[in-house]
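Engineer: What follows is the residue order along each chain.
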Amino acid sequence: MKKISAAASDKKIIAFNAVNKWYSPHFQALKNINADIVKGEVVVLCGPSGSGKSTLIRTVNRLEEIQNGTIEFDGQDIHAPKLDVNKFRSHIGFVFQSFNLFPHLSVAENIMLAPINVLGKSRPKARQRAVELLERVGLAAKADAYPGQLSGGQQQRVAIARALAMDPPAMLFDEPTSALDPEMVGEVLQVMKSLAREGMTMMCVTHEMNFAREVADTVWFMDAGRLIEKDTPDNFFNRPQSERAQKFLSDLRSH
Amino acid sequence: MNAKLDFSILMRPDYLKMVLEGVVTMFELTLLAWILAMVVGTVLAVVRMTNSRIAQGCVATYVEYHQNVPMLVQIFLWYFGVATLLPATWQHWLNANHSEFVFAFIAVGLAMAAYMSEDLRGGIRSIPKSQIEAARALGLSYLKASRLVVLPQAIRIAMPTLVSHTVLLFKNTSLAMTIGVAELTYATREIESQSFRTVEVYLMATALYLSISLLIMTIGAMIERQLRIQAR
Amino acid sequence: MQDIFIILRDNWALLLVGQYPNGPLGGLAITLLLSILGLVFAFPLGVILALARVSPIRWLRVPAMTVIYVVRGVPLIMFIFWTYFFLPALTGQTVSGFTTMVVTLVIYQAAYLAEVVRAGIEGLPHGQTEASRALGLSYMQTTLKVVLPQALYNMVPAMVSQFVSTIKETSLGYVISVNELTFAANQVNNTLLTQPFQVFIILAGIYFLLCFSLTQLARYLEQRIAGKRTGLQTLSRRMQPVE
Chain A
1 MKKISAAASD KKIIAFNAVN KWYSPHFQAL KNINADIVKG EVVVLCGPSG SGKSTLIRTV
61 NRLEEIQNGT IEFDGQDIHA PKLDVNKFRS HIGFVFQSFN LFPHLSVAEN IMLAPINVLG
121 KSRPKARQRA VELLERVGLA AKADAYPGQL SGGQQQRVAI ARALAMDPPA MLFDEPTSAL
181 DPEMVGEVLQ VMKSLAREGM TMMCVTHEMN FAREVADTVW FMDAGRLIEK DTPDNFFNRP
241 QSERAQKFLS DLRSH
Chain B
256 MNAKLDFSIL MRPDYLKMVL EGVVTMFELT LLAWILAMVV GTVLAVVRMT NSRIAQGCVA
316 TYVEYHQNVP MLVQIFLWYF GVATLLPATW QHWLNANHSE FVFAFIAVGL AMAAYMSEDL
376 RGGIRSIPKS QIEAARALGL SYLKASRLVV LPQAIRIAMP TLVSHTVLLF KNTSLAMTIG
436 VAELTYATRE IESQSFRTVE VYLMATALYL SISLLIMTIG AMIERQLRIQ AR
Chain C
488 MQDIFIILRD NWALLLVGQY PNGPLGGLAI TLLLSILGLV FAFPLGVILA LARVSPIRWL
548 RVPAMTVIYV VRGVPLIMFI FWTYFFLPAL TGQTVSGFTT MVVTLVIYQA AYLAEVVRAG
608 IEGLPHGQTE ASRALGLSYM QTTLKVVLPQ ALYNMVPAMV SQFVSTIKET SLGYVISVNE
668 LTFAANQVNN TLLTQPFQVF IILAGIYFLL CFSLTQLARY LEQRIAGKRT GLQTLSRRMQ
728 PVE
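Chains as they are written, first to last, in our numbering: chain A, 1 to 255; chain B, 256 to 487; chain C, 488 to 730.
If you are wondering where the hints come from, they were derived from the structure by calculation, not from laboratory data. Just so you know, not all the hints are guaranteed correct.
Here are some, though not all, of the chain B residues that point toward chain C, as calculated from beta-carbon distances under 7 Å [what the hints assert, rightly or not]:
| id | residue |
| --- | --- |
| 1 | Thr316 |
| 2 | Val324 |
| 3 | Pro325 |
| 4 | Phe335 |
| 5 | Gly336 |
| 6 | Thr339 |
| 7 | Ser429 |
| 8 | Thr440 |
| 9 | Thr453 |
| 10 | Thr461 |
Glycine residues also receive a C-beta, built at the ideal position from the N, C-alpha and C atoms.
Looking at chain A on its own, in the form it has when it is part of the complex:
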């Protein structure tokens, strides 16, 4: 079931302009990336390992820094000198591969931490929202459990709820299911699909090609630091244009 593209919205949420990044003089991780994501668009970023896709998604909330080019989020240059980095980050939801829940806090407290300390919400309000979000991801009963007591799939769903608690205009997913046992991948993808259907702007680095087929508006293919293809899932999977994309897809299928 492919999502109908949000054709009406032209507002660019994320924009990459001539972005370049070097880790050292010999190793360039990102080479002249030019792309954007409009409101409501779901982008899946794929490619072989080492292609720079994780690096790229981490530049959006400045977990990685770039040396050249600009990145805009919601119309703002994210490297502007006067930018309040913390405020800026609180407007982007980021979901990590290794969930990164805070083990010393309960599930609900994990979700409430940032709303209380960054947005200044009151505890009761934050708790109410946390419980709502937990219901949404199917974990209402676990509100007072601790991360150590949850399975990987449950932890990742809590991590998604934690990111959503900040009401961000866009969500970034960095290989959200790569660290999960196969039987738990489905429950997390389920949550992500429902988010996409509700119109959330999403950028996902993932190997889950079925997810891409079902929900993505655009697939970006990266290899060796370059953005090589940008196309609809249908075009990308059935008629890949570059040789490297063809090789990548055939490698995937042979598993």
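Following the hints, complete the assembly by docking chains B and C onto the known chain A.
Structural biologist: Same frame as chain A, now just chains B and C:
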């Protein structure tokens, strides 16, 4: 050692008073020094976490100095040395207000802060970078991330060594007797020199020190267990 | 600053060797002598205590645990007073402050060393003991020929750290008038009277140079050993009595 042990000597009201005052002073000294050590130790640990080379160097120097100079020498340096460098008004106030006690708890507190900060540093280092990334990704500032995510976890991990260093701090307060602080060891010596009942007095003091050390270790173990349940 | 140099110039002999050769040895020389004697005798005692501590035999293990607990729970200064009182009473002769300090340091350090050695023993991979027993060696043989040699080698950095602790502990000899470095510095101060800060800064400085160099040695050794044996806990900085 041919006389029988006679503990009733300790029940004499004037001796009992000296012991009690000694114990109270010892507690006050320990508590104040411990608070100072924990506060300064935490500050040092957080400062060391920053990326500034200068800050890290300062903290490293502080820690190395306090760990490589004997506690007794540090006490002397404060009481005999620093005291003479202070402005006259301060010296007057101190002399009227038990300067030996003040310098003792400052010396012990600041010295043990070095150990506490190293314990916390070990705890902080064992927390994966991803925790900080997750906190920053939510929009928490560096200070808030430290306070809400890093330090609570670091303290849990550092608890065992923090407890053993607390016992050490407690034992170190006995050195204050050398500059005339009337804590337990001082009182013990006083009673011994007056009553000549060395064994009984020493046994009592030893028993007191042992029981309080054990008490500290037990409380530490209880807190550890409590924190661990929460974090699971 | 100049004061410090003058004090050093006038008193370096007193601080380093006491009144020798015109009188008894003192100062830093005594400090080092105390520390070395302390560690040399504490070492075998500590190993024995450690072996008793890990022994499966209850009547060895429990007393060893008790001794270690008591020593670690009581301040060193109390121990010094105990020894000062007990030694003459036991031997019937007068005992010098120096001997008192040595005996106290030996017992005190033995308890801490016992814990260091125990950590070394318990830090060895189980496979070592298992392989040795599987070859038919007895418990005693395994301990002496397989476990101890490795445990002690791994614990050399920690033992250097204990030596540093011992050096710091010798400063308490001051309390019973042993003529070690701190006592010598106090003598200098009592003569000068007007420059206590400078005198004690010099005292702190001497201890710092000595202890810091040894601590760096311990860290260097730790890195070299850790390089050869991965997967074992490094303990050179833990368990310092600090007095």
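Engineer: Tell me if threonine 440 of chain B is really an interface residue toward chain C, meaning its C-beta lies closer than 7 Å to one of theirs.
Structural biologist: 6 Å, holds
Engineer: Given a cut of 7 Å on the nearest C-beta pair, is the interface hint for proline 325 of chain B held or broken against chain C?
Structural biologist: 4 Å, holds
Engineer: Was the hint right that valine 324 of chain B lines chain C, CB cutoff 7 Å?
Structural biologist: 5 Å, holds
Engineer: Was the hint right that glycine 336 of chain B lines chain C, CB cutoff 7 Å?
Structural biologist: For glycine 336 of chain B, the interface hint holds, since the closest Cβ of chain C sits about 4 Å away, which is under 7 Å.
Engineer: A closest beta-carbon separation below 7 Å is what the hint needs, so does serine 429 of chain B meet it against chain C?
Structural biologist: 4 Å, holds
Engineer: Is the hint on threonine 453 of chain B kept, meaning its closest Cβ partner in chain C is under 7 Å away?
Structural biologist: 5 Å, holds
Engineer: Can we keep the threonine 316 of chain B interface hint, with Cβ of chain C closer than 7 Å?
Structural biologist: 11 Å, violated
Engineer: Verify the interface restraint on threonine 339 of chain B: the C-beta must sit less than 7 Å from at least one C-beta of chain C.
Structural biologist: Given a least distance of 6 Å, the restraint on threonine 339 of chain B holds.
Engineer: Mind checking the CB of phenylalanine 335 of chain B against every CB in chain C and telling me if the closest is under 7 Å?
Structural biologist: Holds: closest Cβ of chain C sits about 4 Å from phenylalanine 335 of chain B, inside 7 Å.
Engineer: Can we keep the threonine 461 of chain B interface hint, with Cβ of chain C closer than 7 Å?
Structural biologist: Interface hint status for threonine 461 of chain B: holds (6 Å vs cutoff 7 Å).
Checked against the numbered hints listed earlier, the structure breaks hint 1 alone; every other hint is satisfied.
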